[in-house]
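Residue numbers (the numbering used here), protein chains in the order written: chain A, 26 to 386; chain B, 15 to 324.
A few of these clues could be false.
[To be verified] Straight-line distance between alpha carbons at most 27 Å, and here's what the computed DSS-like set of lysine-lysine pairs gives:
hint: 1; chain 1: A; residue 1: Lys169; chain 2: A; residue 2: Lys110
hint: 2; chain 1: B; residue 1: Lys253; chain 2: B; residue 2: Lys200
hint: 3; chain 1: B; residue 1: Lys200; chain 2: B; residue 2: Lys318
hint: 4; chain 1: B; residue 1: Lys253; chain 2: B; residue 2: Lys318
hint: 5; chain 1: B; residue 1: Lys318; chain 2: A; residue 2: Lys31
hint: 6; chain 1: A; residue 1: Lys31; chain 2: B; residue 2: Lys200
hint: 7; chain 1: B; residue 1: Lys253; chain 2: A; residue 2: Lys169
hint: 8; chain 1: A; residue 1: Lys169; chain 2: B; residue 2: Lys318
hint: 9; chain 1: A; residue 1: Lys31; chain 2: A; residue 2: Lys110
hint: 10; chain 1: B; residue 1: Lys318; chain 2: A; residue 2: Lys110
Think of the hints as simulated: they come from the structure by calculation, not from any bench.
Fair warning: this is a prediction, and the values are worked out from it, not measured in the lab.
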Amino acid sequence: MIRLEKRPSPSRAWTIATPLVAVALTMVAGSILFMILGKDPFAAIKTIFYDPLFHPDFAAFSRPQLLVKAGPLILIAIGLSMGFKAGIWNIGAEGQYIIGALAGAAVGLALYPAESFLIYPAMVIAGALGGWAWAMIPAILRTKFRTNEILVSLLLVYVAENILASAAVGWLRNPEGGGFPGSRNLSKWASSANPELISGTGMHWGVVAAFIAVILAYVVMSRHLLGFQIQLAGQAPRAARFAGVNPSRLVVLCLGISGMLAGMAGLFEVTGPAGQISIDFNSGYGFTAIIVAFLGRLNPIGILLAGLLMALTYIGGELAQFMLGLPAAAIQAFQGMLLFFLLGVDVLSNYRIRIGTGKAA
Amino acid sequence: MDLSAINPVVLTASLMVAATPILLAAIGELVVEKAGVLNLGVEGMMIIGAICGFAIAVETQSPLLGFIAAALGGAVLSMLFGFMTQVLLSNQVATGLALTLFGLGLSSLMGQSYVGIKAPSTPSLNLGPLSDLPVVGKILFSHDLMVYVSIAIIAGVWYMLRYTRTGLVLRAVGESHDAAHALGYKVIRIRLLAIGFGGACAGLGGAYLSLVRVPQWTEGMTAGAGWIALAIVVFASWKPWRVMIGAYLFGGITVLQLNLQAAGAKIPVELLSMSPYLITILVLVIISSDRRRAALSAPADLGKSFHASL
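When you get a sec, could you build the whole thing from the sequences and use the hints?
What follows is the structure, given as C-alpha cells:
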C-alpha cells in the first residue's frame, strides 16, 4: 500500500524539480491530446517549444514576441504571487488589467494631440492607480465587511469587461474612426507610444518594468520585513497575529500591489502591442498569470522563467495553429493541464511517499 | 421606453428558466462545501457540462441523454479535482482555479464542430389542466422537466442534510474531519462522493444553459454563472431553500435587465449587463458583514485538507 508521510519541512530539491516534472508530464499528456486531435504529437511539441526559438524561417519573427508576451505575464504574476503567499487570493487581475489600461488611455487621450515627454509617465501612473483602485474594492470589502476577496475580485472582472465595452464603443471611441468601435491608436501617437526599445528584441517599457518588478520583489521577499510578514501570514496566520502582523494592512498592501502591477501591465499593452482600446484587447493575461505565479513557485526568479515558458506556449501555439491547424483552444487546455500537473506533483515536496504497510519509525 | 412591453407573467415564468442553471450548480456546491471542501471549479464543470450535454443531445437528438451526459461529464471532471485535493492533498483554492481554466480550454476544444448548430428542443411538460390555469399555470406549470428536477434536488438535499444519517455524517465531516475520522467515517471517500455530486449538478446546470436557456453552444457561454453560484451558496448561509431564493432573485435580475434592454430603457446597456454581478457583490457584502451569522453557518473545516497521520 502507498502512504503519504508529511515532511517536517518542504523538500528543497523537489521544490525546484516539481515544475520541471510538471512540464514534462504536460508534454506527455499534451501529446496524447494532440494525437486524439489527429495531429502528429512530436511535430506539435516541436512546433510549440522549439520552432519559435530556432526555426530558420520563423525564429526571427517569434523570438522578440517572447518578451512581448512574457512582459505582462511576469508583471502581473509578480504581484499575484505576494498575495498568494500570504493567503490573499486576488484572481481578478484581468479586471485590474482592463481598468488600468482604460485609466491610462483616458489620461493620454484627454491630452491628445499635445506633444510632451511627460504624457507617457502620466499615463503609466494613471494606469497603476486605475488597477490599484480596482483592487481596492475587494480589499476594502474584505477588511471592512469580511467579504470573500476571491469572489469579489473575480466578479469585478465581468464588471470591468462591461466598462471596457462601453469605453470602446462610447466614451473613448476614436472620433475620427468613422464610427467603428475602438479608441485612437495610442502606439502611433509619439507621446503615448510604447515602442520597441532595442530593435529585434521585443523589449518595451512593460518588459523593463517586469524586470524591475522581479528584482524589487526578490529584495522585498527575501530581505524586507514585509516579505517576512507575508510568508509568516501565509504559513501560520495565528503566529503572525501574535507577532504583530496586521492582517488588514497585509490585505490592502498585497491586493494594492498586485492591482497596481496589473494596471501597469494593461497600460503597457494598450500603448504597445495592442495599440488601442478595443472591445477585446485584453487577451486573458490576467488569468494566465495565475498559472505563471504557481509555475514559478511564487518565487520572483521562478516567475521570470515561468513567464518566458508560458509566453513560449502562446507563440508556439499560434505557430502550431498556422502550421498544423491545431485549434487555439488546444493551447488553452494545454496551459490548464500544466497548472494541474504542477499542483499534483507538489505533493512530492510536502510529503514522502512510503510503500508498504510498515509503521513509521 | 415602453415598459408596457414587459409582461409580468412572462417575466416571472422566464425568471425560473434563467435561475435554473445557477440553482443546480449552487445546490451541488452547497453539498460539497457542507462536506468541508471548497471547489472553485464550478465554472469549469458547468461549461464542460454545457458542451457534453449539447454534443450528446445533437448527436442523439435526445435532450434527456444530453442531460445525463452533462451530469457524467461534470462528475468526471470533478473527480480530477477530488483526486488532486483529497489524495494528492493539493491546495483547494488553486486546484479549483485550475479546474476552471482547464474546463474553459477543454470545452472550447470539444465544442469546435458544434458552433452555430441548434440544439434539439427540450419539450415543456404537459401537466394537463394545471398548465391551462390562468397566470399560475403559465408561471408555475408550463416548464420543462429540468426546472422541476432542480427543485426536487433542492428538496432532496434539504431532507438529506436535515433528517438522514447520511446528512449527519456529511455535516460531521465538514465540521470536523478529525472527529469524523476518529469515529471511523471514511472522510476522503465521503468527500469524494460529495465532490462528484457537486460536479454532476454543475454539469446539469451547464447543460441547461446550452440546451434550454440559450439554446446554442458558444465558447465561454457560462460567463461567470459558476462564480455567481458560489456566491449564492454564501448568500444562502449554506441552507438549501435559501439557495433557491438566491437563485430566483438573481434569475429575476437577469431577466429584468434583459427585458429593460429589449424595451430600450434609457440606462446604458453595459450598466444593465453588469448589474447581476454588481448586485451579487452587494449581497455578498451585506451577508458577510453580519459577523455572527457568517461565522456560525460556514462549515468549520471548509477548505482544509485532511491527512490522517496513520
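Would you pick out the hints that fail for this structure and give their numbers low to high? Every hint satisfied by this model.
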